[in-house]
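Read top to bottom, the protein sequences are chains A and B. Per my numbering, residue 1 is the first one in the first sequence, and the count goes up by one each step. Per my numbering, residue 1 is the first one in the second sequence, and the count goes up by one each step.
Incorrect hints may appear among the rest.
Unchecked claim - List of simulated lysine-lysine pairs, PhoX-like, C-alpha gap at most 20 Å: (1) B:K179 <-> B:K265; (2) A:K132 <-> B:K60; (3) A:K132 <-> B:K59; (4) A:K38 <-> B:K59; (5) B:K43 <-> A:K43; (6) B:K38 <-> A:K99; (7) A:K38 <-> B:K60.
Hint data in this document are derived by calculation from the structure and do not stem from the laboratory. Here the structure is a predicted model, which is why all the values come from computation and not from measurement.
What follows is each chain in one-letter form.
2 protein chains.
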Amino acid sequence: MYIGKIGEHGLIRRIQSKFPQKDQTVVLGIGDDAAIIKPAPGKLLLLSTDTLREDIHFKKRYCTFYDIGWKAVAVSISDIAAMGGMPRHLLLSIAVPRKTSVKDLDRVLTGVADITAKYGVTLIGGNVSRSKGGVTIDTTVMGELTRGSGVARSGASIGDLIYVTGIIGSSAIGLSLLKTSSDIDSAPYIPKGSFVADHLRPAPRVREGIILGTNRLATAMIDISDGLLADLGHICEQSNAGAYIHSHLIPLPKIPNRLKRRLAKGPLFYALYGGEDYELLFTIRRKDKGRLEAICKREGLKVAFIGEIVPGEKGITIVGEDGVERKMHTGGYDHFRNHRGKVWLERFQ
Amino acid sequence: MYIGKIGEHGLIRRIQSKFPQKDQTVVLGIGDDAAIIKPAPGKLLLLSTDTLREDIHFKKRYCTFYDIGWKAVAVSISDIAAMGGMPRHLLLSIAVPRKTSVKDLDRVLTGVADITAKYGVTLIGGNVSRSKGGVTIDTTVMGELTRGSGVARSGASIGDLIYVTGIIGSSAIGLSLLKTSSDIDSAPYIPKGSFVADHLRPAPRVREGIILGTNRLATAMIDISDGLLADLGHICEQSNAGAYIHSHLIPLPKIPNRLKRRLAKGPLFYALYGGEDYELLFTIRRKDKGRLEAICKREGLKVAFIGEIVPGEKGITIVGEDGVERKMHTGGYDHFRNHRGKVWLERFQ
């Protein structure tokens with residue numbers, strides 16, 4: 001059955017029934033002109049919006065409708081995580097061609113339902129509309145922030161140490177594998193922890209962000225969506241600083257031999273230029289190193305030291321185990337330019 | 001110059017420079033992972049999102065880039081108005097083809113700047129992305145609501161009186177004129193108060209909504225976006241009620257003779273089925289009639305009584321000056337169905 005059969009308001013009722021409202025902070029949820037929420041007393045409010053567009057951010061050839069729903073919400077939750085905040089409420093805007101089946105739309109909603117349940121986020125409203133192009137999902141996530149614990153991109157100072165959470169590069173490897181796979185359609189099961197899962201169903205680092213924020217550890221923070229280098233570039237630009245990175249300290253994924261021949265590049269390439277890891281890249285004061293390590297141990301957080309902040313005029317330098325320093329262009333993904341700084345990398349791979 | 005030249009981050013910087021941040025409630029504005037705002041103490045928060053898509057909601061043939069910017073924000077502000085709230089902050093998500101000129105993008109931003117200035121709304125963030133289809137603008141508006149003054153769609157009771165603000169139908173007449181015009185491209189000047197201006201640059205009824213909300217006059221309220229009948233249908237459905245409307249009391253636009261022959265229908269058709277008026281449709285308790293009239297006189301609000309709420313099983317009835325009652329299907333615009341209840345209307349025109 002196509003969604004044209006149930007109509008716009010049938011669709012909204014369908015969404016309403018799939019997302020029961022039991023959040024005490026929601027005064028009025030889905031189905032009116034606007035949602036009403038009660039802001040948490042004394043807290044600041046975080047707001048972020050992001051979009052997932054067919055054939056720009058994903059291709060249906062290697063993405064299920066479930067994945068699209070999951071990821072559309074994940075990218076906005078990750079932005080809240082990158083500020084040190086707790087995601088709380090979601091607005092979901094879906095645009096689909098009229099000839100979309102109700103079943104496929106339900107799959108999108110199940111993806112949204114699963115990730116919102118996992119992160120304790122409540123869907124409070126949104127919008128459904130017809131699209132003449134492909135599927136587009138826009139998400140806006142509202143989050144709470146404890147005063148004094150927010151972390152902007154602009155707070156890094158010379159001498160600060162640079163860290164990342166988790167492993168960097170898996171998502172881009174997953175995408176690369178998906179692009180070269182011929183049997184994706186017949187593989188509905190995506191093993192958890194696989195490169196493909198890392199790409200299609202990222203798990204934003206909300207807990208990590210809050211711990212780094214509330215303990216006043218992170219001086220600057222960003223989620224890695226454009227690639228480690230590009231996102232480091234954003235921190236450097238907004239902090240008027242440069243960075244010195246030890247490439248051998250970047251936590252890279254181990255690539256099994258059977259996959260190696262399917263990948264054009266080594267893991268460092270994907271880590272630096274890939275993006276969509278949704279890990280956190282952050283800086284701390286040098287004196288907080290011990291405290292960070294103690295807190296990470298206590299809380300079971302996996303973080304890795306990868307370099308330090310230097311004066312802005314030095315730009316971004318990467319040093320390899322061979323001791324050779326390379327001045328970097330930040331590269332990374334730019335929607336309108338689509339160039340990536342690939343020059344020096346040939347030498348690394 | 002195409003926007004591909006300045007890139008995604010050039011674009012964001014361009015937006016930043018056009019929207020200086022001087023709003024005290026904005027702790028962190030454009031350019032980070034998320035915006036941070038300080039919610040007004042003691043107030044509730046309103047959230048609404050809407051989308052404007054090329055060839056679905058507008059065609060570039062009869063719409064300037066300025067109009068697109070203006071209207072994309074207007075539709076979300078109107079949702080806040082329909083709850084009785086004050087719009088405060090805006091997230092703007094723009095998706096455009098790579099071959100969009102910087103000049104055209106600037107026109108969109110000027111439209112956004114003008115309407116946000118008019119309504120005291122601050123742009124705090126958003127998103128820019130490439131589109132493989134046409135131009136799409138998504139807006140999310142956050143508003144403040146004084147406790148106890150919010151008005152949902154669901155609060156109408158049997159016996160309540162039904163009112164509208166302003167004149168209904170002008171926007172659809174404007175659209176109809178635009179569709180049949182051959183010389184739109186050569187007419188950059190749109191006279192204020194014209195049908196075309198009503199369609200392209202609607203002025204949401206924020207002040208009206210707040211007055212109706214804070215004085216606890218409106219029991220149910222909605223903005224007219226789908227058409228008077230469809231939006232009345234939403235109030236009736238969510239209030240489990242029906243409605244009895246006097247068609248001759250609906251405030252209709254006067255159509256000059258020179259335009260009459262260019263329009264296929266009479267003004268009542270456009271009022272009932274047209275939509276995009278962004279006037280408010282609301283109900284009040286019968287006993288509040290005198291108080292409403294006094295407040296409207298004092299505040300200079302133009303409202304018109306058009307009917308009353310009846311039991312749900314009676315559905316929606318319209319009575320003309322001829323005394324003939326007609327049972328209505330709510331019709332109006334449905335994105336996926338695209339049918340409008342046109343049957344009986346032939347008799348009215």
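Results of checking the hints against the structure:
About 14 Å separates the Cα atoms of B:K179 and B:K265, which keeps this hinted pair within 20 Å; it holds. For the hint pairing A:K132 with B:K60, the CA-to-CA distance comes to about 15 Å; that is within 20 Å, so the pair holds. At roughly 12 Å between alpha-carbon atoms, A:K132 and B:K59 fall within 20 Å of each other, so this suggested pair holds. Taken as a hint, the A:K38 and B:K59 pair is broken in the structure, with Cα atoms around 39 Å apart against an allowance of 20 Å.
Proposed proximity of B:K43 and A:K43 is supported: the alpha carbons are some 13 Å apart, at most 20 Å. For the given pair, B:K38 sits about 43 Å from A:K99 by alpha-carbon distance, which is inconsistent with the 20 Å threshold. A distance of roughly 40 Å separates the Cα atoms of A:K38 and B:K60; the hinted pair therefore is violated under the 20 Å criterion.
Of the hints listed earlier, those the structure fails to meet are numbers 4, 6, 7, in rising order.
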